[in-house]
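Trainee: Chains as they are written, first to last, in the numbering used here: chain A, 46 to 333; chain B, 46 to 333; chain C, 333 to 704; chain D, 333 to 704.
Treat the hints with caution; some may be incorrect.
[Said to hold, decoys possible] Cross-link-like lysine-lysine pairs, in silico, DSSO-like; alpha carbons within 30 Å at most:
{"#": "1", "chain 1": "B", "residue 1": "Lys74", "chain 2": "C", "residue 2": "Lys638"}
{"#": "2", "chain 1": "B", "residue 1": "Lys160", "chain 2": "B", "residue 2": "Lys74"}
{"#": "3", "chain 1": "A", "residue 1": "Lys136", "chain 2": "A", "residue 2": "Lys273"}
{"#": "4", "chain 1": "D", "residue 1": "Lys638", "chain 2": "D", "residue 2": "Lys656"}
{"#": "5", "chain 1": "A", "residue 1": "Lys189", "chain 2": "D", "residue 2": "Lys638"}
{"#": "6", "chain 1": "C", "residue 1": "Lys597", "chain 2": "B", "residue 2": "Lys317"}
{"#": "7", "chain 1": "B", "residue 1": "Lys273", "chain 2": "B", "residue 2": "Lys189"}
{"#": "8", "chain 1": "B", "residue 1": "Lys320", "chain 2": "B", "residue 2": "Lys331"}
{"#": "9", "chain 1": "A", "residue 1": "Lys160", "chain 2": "A", "residue 2": "Lys189"}
{"#": "10", "chain 1": "A", "residue 1": "Lys160", "chain 2": "B", "residue 2": "Lys189"}
{"#": "11", "chain 1": "B", "residue 1": "Lys160", "chain 2": "C", "residue 2": "Lys463"}
{"#": "12", "chain 1": "B", "residue 1": "Lys136", "chain 2": "A", "residue 2": "Lys136"}
{"#": "13", "chain 1": "A", "residue 1": "Lys320", "chain 2": "D", "residue 2": "Lys626"}
These are calculated hints, taken from the structure and not from any lab test.
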Amino acid sequence: MAIIVNENTRLIVQGITGHQGQYHTGAMKEFGTNVVGGVTPGKGGMEVLGVPVFDTMREAVSATGANASIIYVPARFLKDAAFEAIDSGVKTVVIITEHVPVHDAMEILAFSHRKGVRVIGPNCPGIASPGKAKVGIMPNAIFKEGSTGVVSRSGTLTYEIVNSLTEAGIGQSTAVGIGGDPIIGTTFINALRMFQDDPQTERIVMVGEIGGTAEEEAAEFIREYVTKPVYSYIAGRTAPPGKRMGHAGAIIAKGRGTAESKIKALESVGVKVAKVPVEIADLIKKDI
Amino acid sequence: MAIIVNENTRLIVQGITGHQGQYHTGAMKEFGTNVVGGVTPGKGGMEVLGVPVFDTMREAVSATGANASIIYVPARFLKDAAFEAIDSGVKTVVIITEHVPVHDAMEILAFSHRKGVRVIGPNCPGIASPGKAKVGIMPNAIFKEGSTGVVSRSGTLTYEIVNSLTEAGIGQSTAVGIGGDPIIGTTFINALRMFQDDPQTERIVMVGEIGGTAEEEAAEFIREYVTKPVYSYIAGRTAPPGKRMGHAGAIIAKGRGTAESKIKALESVGVKVAKVPVEIADLIKKDI
Amino acid sequence: MKLFEYMAKEIFRMHGLPVPDGYVVESAEDIRDVRNPVVVKSQVPIGGRGKAGGIKFAESTETAREEAKGLLGSEVRGYRVKHILVEEKLDINDEFYISIMMDRSTRMPLLIASADGGVEIESVPENRIFKRTIDPTIGYNPYIGRELTKFTGLTGDTAKQVSFIAGKMYEIFRSEDAELVEINPLVLTEDGRVIAADGKMTINDDSLFRHPEYKGRDEELTPIERKAREKGIAFIQLDGDIGVIANGAGLTMATLDSLSLHGGKAGVFLDLGGTDSPEMVKSAFELMMEADPKVIFINIFGGITKSDTVATGLREALSSMDVKVPIIARIKGVNEERAIEILSSVGITAVSSLAEAAEIAVRRRNEAAGGD
Amino acid sequence: MKLFEYMAKEIFRMHGLPVPDGYVVESAEDIRDVRNPVVVKSQVPIGGRGKAGGIKFAESTETAREEAKGLLGSEVRGYRVKHILVEEKLDINDEFYISIMMDRSTRMPLLIASADGGVEIESVPENRIFKRTIDPTIGYNPYIGRELTKFTGLTGDTAKQVSFIAGKMYEIFRSEDAELVEINPLVLTEDGRVIAADGKMTINDDSLFRHPEYKGRDEELTPIERKAREKGIAFIQLDGDIGVIANGAGLTMATLDSLSLHGGKAGVFLDLGGTDSPEMVKSAFELMMEADPKVIFINIFGGITKSDTVATGLREALSSMDVKVPIIARIKGVNEERAIEILSSVGITAVSSLAEAAEIAVRRRNEAAGGD
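Sequences are here, hints too, so could you generate the full structure?
Mentor: What follows is the structure in structure tokens.
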């Protein structure tokens, strides 16, 4: 099964003719992803690694029957590209682009909600279901098919964790990097729910970091909904307190947002929390 | 059963302290509607006909558990009042107000769609399920409980038709006036679907008029979905052609929009179409 | 309200949408020195002016003034010409069609475009017409322009200009509370500019309270039409001779249908717009007298007001007027018996059945018309 | 970027949101004649200025200049004062709190208000704080203002002014791409005006490309911080002495956690922000040298770039620098064995396990620090 992306994913790459787009089209195809088309305005009719390029998402979707897209376009063009994707008929949109204005992200997510489209990101490494498909930029070599679901707010830290799981012989059902921006399309809670409901997934690794209250909210959700074992690592236990949203932010946070608060919240609902990334694999191995 | 409003309807009247608001609060209570509150900014704490008045919809809904609202406020304040209603937690909003700017109506309906709230109107006489509840301005005396569903684009013509049904001994499950504006929340198709699914309703009367293509679209829907007998009257068979949206409108209309086109479309899917309002009752009586 | 071409172009210009250089005059003398060829366009709120001889060309000041003189005061497709738009004549390379309108089905704006402009868009084959719903919660975005220009086969700088214009049209559509913004033709000139050679706009009447700038700029009305509009009564002139007063558009049309069933034809109809207040009925009656019908047919279905209150109001109105033609009233609602009594007492034939009232009205009309 | 109070108030004023009369100076001599009592406010991008002595009052030109002289160049809560805002002193009748911020949970703007202003809002009891999510697809509408003023117990003209201000704040929040717009206190004056006595704004950094007006107006950075920002590298000064370079915020923090587990403490860290390009690593290394750490710890998890390419870049960079402190590299990704070889060849201790690398780094630091 896996979550969100699998062997039925038919992917369009938005920004396929750019450096990043080309490179990752190749890497995704190697991973086994069914890349059915690309979009770059003005480059319709070209081919990139055997993949046909279209001028617009509408055309691409109607010509290929695509159901997912991945976006690599620069931040200042991202809103337009994301709206185009959400409006094109695909059901999943993965936004790799970083430095997306937070108001643009807000508008994109309001529109995706209206249209019933799942957005992952922005500013995320994407998602991979080993043995099935990867829609993202994570290195192929770190994955191994298995039954552990991974959800993470970080980019490279996701690689670190997935890699250490694989090195310990623990395969993944799906690993999803939801992105570290304040406003993101897919949250810990969304991913936890899907992993809980996914038959292939037997346990879940949740990688958080300091700042925000997403981990505390996830802990609440785990208490209510998740019965599978959850393992976690919260980056930044020893980091200095990050930027805060001033007094207004403090009202929302109510003392949450620190590593201590997050770890406490997670441990109180039975999550095993590692002190350093590599310890997650140790915790899992003890249980299986 | 009936559709949309029934004995479980708990109604807030927005604009309750105005002349129209007061008058119809009385009439709706007489009809049996459970009017649980009213809203007029700055008049919170008052009572109108024993109904408590609140300053905001939020308060009103949280104090009364209301699930519906009816709006009587003037057109220039309507958008704000409608947004407030849609945002307050009620599930049905009936907008009586006429002369609502069409762009406001569009924004209201986009928001109601996002929030999953049913809007009836604007510029409509409302809805009544005899023996249960009325949320509107239709005269009480014309109704009789029964098994005929009535849906109409007109105001007073709805009264005319319901009255002639009642005089002929044909009772109504629900009568809904969807409003004659170009942009409305509940369409013929919405109402037809609900009547088809409503066990109390055995037949449907659909009252249309010239202009637009809603009747032609309804005919398509009847072909696909409606198995109950449908009777219709299209007002304006002998009226002069109305204003058209110029050439752009003609592309959409493609020759539809006239009484002939509507009658032909309806008859082709088995709808019996009366020449004058009173004939509807005759057509129904022949069948039962 | 429909705007004249020159008003639509004023708005286009304010929003930065390219229009030809030009100006409007009410008299031929106001035409300035013509240096380059100009178009002299009569301003009427209807299409098909060109074929009807409402558009002229001139290469000199003299010809321009002559043509303007000929057009001013003349009738073009039923409209008297009071304004002339004088504009640079464009060197046309290609003509496109583009419009945005409010679409009832989706309840959202619809963008329509075609590479086949300059002709009636209804005559363009369906598969050559681009149609795109714009979600108002996100508005116009560049990708919609790319879809448009891809479909219509535009490329390069022309595509960019057309995309820009589509975005401007959406901006105008929203900010002006328009029901329609249309450019036909949108012209590509020999020197590569894309310009709105014509412009049509309809402003939503119900939004005029927040657009005071349009006040008094609407099409001309007859004195009686103006009076009716001020009272909030719809007034429509037809070709029969029964005067109809009813409340509500649907009921008014049903009244015409009922008269027609008995062989009658309305000459004018007044729609009170859903109200049944005695004041409105009285106002309508006064307006009706100016239209001089053979018979007056009143059809009121009482909603808020009690029927006898309406009847009393009508009786009072009549007492101060000298009405010679027969009046037939169909009156329905609370206390209708009492209402019928009141009206009968002043010589009005009043019944509660629409069918019956319509039949009587037609009979009376035939009597009044004699051997017509 | 956090705006200084005076900049926030400039924006408020442009949008028609009432602020006190005032102006900003960089030198005490620029203070104009004081006729009515004024407030002399040091401009630092942090709250709690009043308690820290950063706000003074004056009733004469002389006092005002004296106070300004005292403040300018002084340090208020760790920030050097370079600007002074001189403002009319308000006659305060009441103080409210109001703000709009981006709420991560709902992904929508959140409006917060309280009748208990002028104090730290965290100290106000929860049940005295109004919180309201604003749906960005419909924006701020008057009913939200009514909910706010009802909750906070405001009535009449004060309620109207506060509603108006809330609407303006939302307008500013959206048009300026703000993450936060905050007024505390929002003052009700003795003569009934409602005025923003203070103002805080944070502009979303990622939006600055479309707000050129903020260019160069951000808080002061040290030369090394400025260099880092120009390269797109996050630079954070800490109180340890191991210099850390890593790619990605999460991995950087995980690196600190790993060092900490072995008893090490970072003195400065550079986050390359998810990239692993040799150029960025090189730039980071140059920056790092300026921070003068005891040991340098590089942790790169190769994503796009192959590890050996990163290592080659790093070797080149080092060849042109004179680095005296030990370097420990943890390098992971495609061709990591080759990368480790390359780095070892120039004397860098390179391994592929984070835990092992962290342990080595701490050991080296302890050796370098001697008996510290």
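Trainee: All hints are to be evaluated individually against the structure, with a verdict given for each.
Mentor: Status of each hint after checking the structure:
1. This hinted pair checks out: Lys74(B) and Lys638(C) have alpha carbons roughly 18 Å apart, not beyond 30 Å.
2. Taken as a hint, the Lys160(B) and Lys74(B) pair is honoured in the structure, with Cα atoms around 28 Å apart against an allowance of 30 Å.
3. Using a Cα cut-off of 30 Å, the hinted pair Lys136(A) and Lys273(A) holds, with the two alpha carbons roughly 27 Å apart.
4. At most 30 Å may separate the alpha-carbon atoms for a hinted pair to count; Lys638(D) and Lys656(D) meet this at roughly 27 Å.
5. With a C-alpha separation of about 20 Å, the suggested pairing of Lys189(A) with Lys638(D) holds against the 30 Å cut-off.
6. Restraint check: the Cα-Cα separation between Lys597(C) and Lys317(B) comes to about 25 Å, which is no more than 30 Å; the hinted pair holds.
7. For a cut-off of 30 Å, the pair hint linking Lys273(B) to Lys189(B) stands: about 20 Å separates their Cα positions.
8. A threshold of 30 Å between alpha carbons decides the hint, and for Lys320(B) with Lys331(B) the separation of about 16 Å falls inside it, so the pair holds.
9. The straight-line distance between the Cα atoms of Lys160(A) and Lys189(A) is roughly 34 Å, outside the 30 Å bound, and the hint therefore fails.
10. Distance hint between Lys160(A) and Lys189(B) is unfulfilled; the C-alpha atoms sit about 42 Å from each other, more than 30 Å.
11. For the suggested pair Lys160(B) and Lys463(C), the alpha carbons sit about 27 Å apart, so the restraint of at most 30 Å is met.
12. With a C-alpha separation of about 28 Å, the suggested pairing of Lys136(B) with Lys136(A) holds against the 30 Å cut-off.
13. About 25 Å separates the Cα atoms of Lys320(A) and Lys626(D), which keeps this hinted pair within 30 Å; it holds.
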